[in-house]
Amino acid sequence: MAIESLGVGSNLDLTSLLSNLKSAEQEKLAPISSKLSSTNAKLSAFGQLQSSLESFQTAAQKLNSAQLYEGFATKVSGSALTASASSTAAAGSYDIKVNSLATAQSLATSGRADTTSTVGTGQLTISVGDKSTPIDIEDGSLSGIRDAINKADAGVKASIVNDGSGTPYRLVLSSETTGAASAMSFDSDNSELSALFSGTTETVPAADASLTVNGLAITSASNTVEEAIQGVTLNLAETTAEGASTKLTVSQDTESVKTAVQDFVKVYNSLVDRINSLTKVSGEGDSVKGAALTGNSTVRSVQSTLRNVMSSAVNGEGMNYLFEAGISFSSDISKQGKLEISDEKKLDDALANNLDGLKGLLAGDGKTGIASRLDTSITQMLTNNGAVASAKSGLESSVKSLEARSERMKDTIDTTVERYKKQFQQLDSLMSKINNTQSYLTQQFEALNGASKN
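For the sequence shown, this note's numbering begins at 8 and goes up steadily by one.
Because the hints were derived from the structure by calculation, they are not lab data. Don't take each hint at face value.
Unchecked claim - Listed next, the in silico SDA-like pairs over lysine to any residue satisfying Cα-Cα at most 25 Å (straight line):
{"no.": "1", "residue 1": "Lys42", "residue 2": "Met416"}
{"no.": "2", "residue 1": "Lys82", "residue 2": "Ser284"}
{"no.": "3", "residue 1": "Lys296", "residue 2": "Asn47"}
{"no.": "4", "residue 1": "Lys265", "residue 2": "Thr81"}
{"no.": "5", "residue 1": "Lys345", "residue 2": "Arg314"}
{"no.": "6", "residue 1": "Lys164", "residue 2": "Gly99"}
{"no.": "7", "residue 1": "Lys35", "residue 2": "Thr390"}
{"no.": "8", "residue 1": "Lys429", "residue 2": "Lys440"}
{"no.": "9", "residue 1": "Lys287", "residue 2": "Thr46"}
{"no.": "10", "residue 1": "Lys345", "residue 2": "Thr65"}
{"no.": "11", "residue 1": "Lys158", "residue 2": "Ser172"}
{"no.": "12", "residue 1": "Lys273", "residue 2": "Glu262"}
{"no.": "13", "residue 1": "Lys342", "residue 2": "Ser284"}
{"no.": "14", "residue 1": "Lys42", "residue 2": "Thr266"}
{"no.": "15", "residue 1": "Lys428", "residue 2": "Glu32"}
{"no.": "16", "residue 1": "Lys374", "residue 2": "Ser41"}
{"no.": "17", "residue 1": "Lys273", "residue 2": "Lys296"}
{"no.": "18", "residue 1": "Lys374", "residue 2": "Asn360"}
{"no.": "19", "residue 1": "Lys82", "residue 2": "Lys374"}
{"no.": "20", "residue 1": "Lys353", "residue 2": "Lys440"}
{"no.": "21", "residue 1": "Lys429", "residue 2": "Asp418"}
{"no.": "22", "residue 1": "Lys407", "residue 2": "Lys428"}
{"no.": "23", "residue 1": "Lys265", "residue 2": "Gly99"}
{"no.": "24", "residue 1": "Lys265", "residue 2": "Gly373"}
{"no.": "25", "residue 1": "Lys82", "residue 2": "Arg314"}
{"no.": "26", "residue 1": "Lys353", "residue 2": "Thr231"}
{"no.": "27", "residue 1": "Lys287", "residue 2": "Ser304"}
{"no.": "28", "residue 1": "Lys296", "residue 2": "Ser41"}
{"no.": "29", "residue 1": "Lys42", "residue 2": "Lys273"}
As the list claims (entries may be wrong) - Beta-carbon label-pair distances, calculated as ranges:
{"no.": "30", "residue 1": "Thr132", "residue 2": "Ser258", "range": "27 to 37 Å"}
{"no.": "31", "residue 1": "Glu234", "residue 2": "Leu362", "range": "17 to 27 Å"}
{"no.": "32", "residue 1": "Thr375", "residue 2": "Ala48", "range": "50 to 60 Å"}
{"no.": "33", "residue 1": "Asp102", "residue 2": "Gln310", "range": "48 to 58 Å"}
Here the structure is a predicted model, which is why all the values come from computation and not from measurement. We treat Cβ as the ideally placed atom computed from N, Cα and C, and that holds for glycine.
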């Protein structure tokens, strides 16, 4: 019997009664659902905390990199060149004149009336510097020769131009390598091909770059000039004007270090903001409500560990505390727990005059500096047995347990409601029989009463 028909036989509202019983049974899910929601919220909060810790760890790792403190920056006046420096560079100033740029040779054949008529077939050998490449020319037209050269990886690119003359089509050959030593030459076993390539006109010569650095003459086959200045790569772009020169300054790259320090402070403060949002208390009186991790001991441990690392001394010569580099915890109550560059002059002075001391404070030997200790501490927090990872693992287990408990409770509720339903159906059927019997007996008594009166 379907639930919608309950009560037909008994004239009782059994459907509503069953619905109310089901609702009462489902209230048993409420504590589990509430606990599951709370646990998922905590798990999500720890995920956010982990993400913020990883960002802060990345900032700390940058400060812990020895290369950060060994870099050099370049400053160039004018547009004749750009420059970059490696860690092997040395500080200094240089006057550079770019007299000429390195060029790749370009040749053009004599003109022909069309691109499809056969010039010649056979083997063509192209030499560029020390590289020689034999090419089989099967389609001897100008177009076919162009295509064969371009497919051969010979260090030469071929194209066809139209110069507008009576025989306008000319094969243009361009070396892919700059420098005087990369001039092209051609040889063929076919006389027509030999004639075509021996009659070329040079449109751009193969030439080395010419420049002077502090008066010293330098030539380079490429416009990328390496090690003319120790640890510096020059990228030549144009020649300098007559009588002018380009000023190149190579100096210690302290700006990158300062930027890394500023990022470190910024990312730590973002972590503090994240923790504050996850642990804040809102509302008043009876409506006070905590966030997902309010009062959580793991979060307090994380905060305490990070602050202790940044407040403790670094053993060694030079700087021992962050405040010596102008970095400290804010005394502003509205910024409680946050870092700030409280004395930028101190930081700039350290960058300019005591970079080794700043490196010792932040990186040390890669293990002893504040940034390196932070990196180690955060790694320990996030590893399988760490505080944050363990908290997350415990919450994940709780979620699985609560989900399983919820499913079992749902099954129990469904079983109970189904039992109620069957009992109501049985009651309905019994009441229907009783009502039918009552009706029959009433009819019989009425019939007997009628007969006795007659």
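Against the structure shown, which of the earlier numbered hints fail to hold, in ascending order? 2, 6, 7, 11, 14, 16, 17, 19, 20, 22, 25, 26, 29, 30, 32
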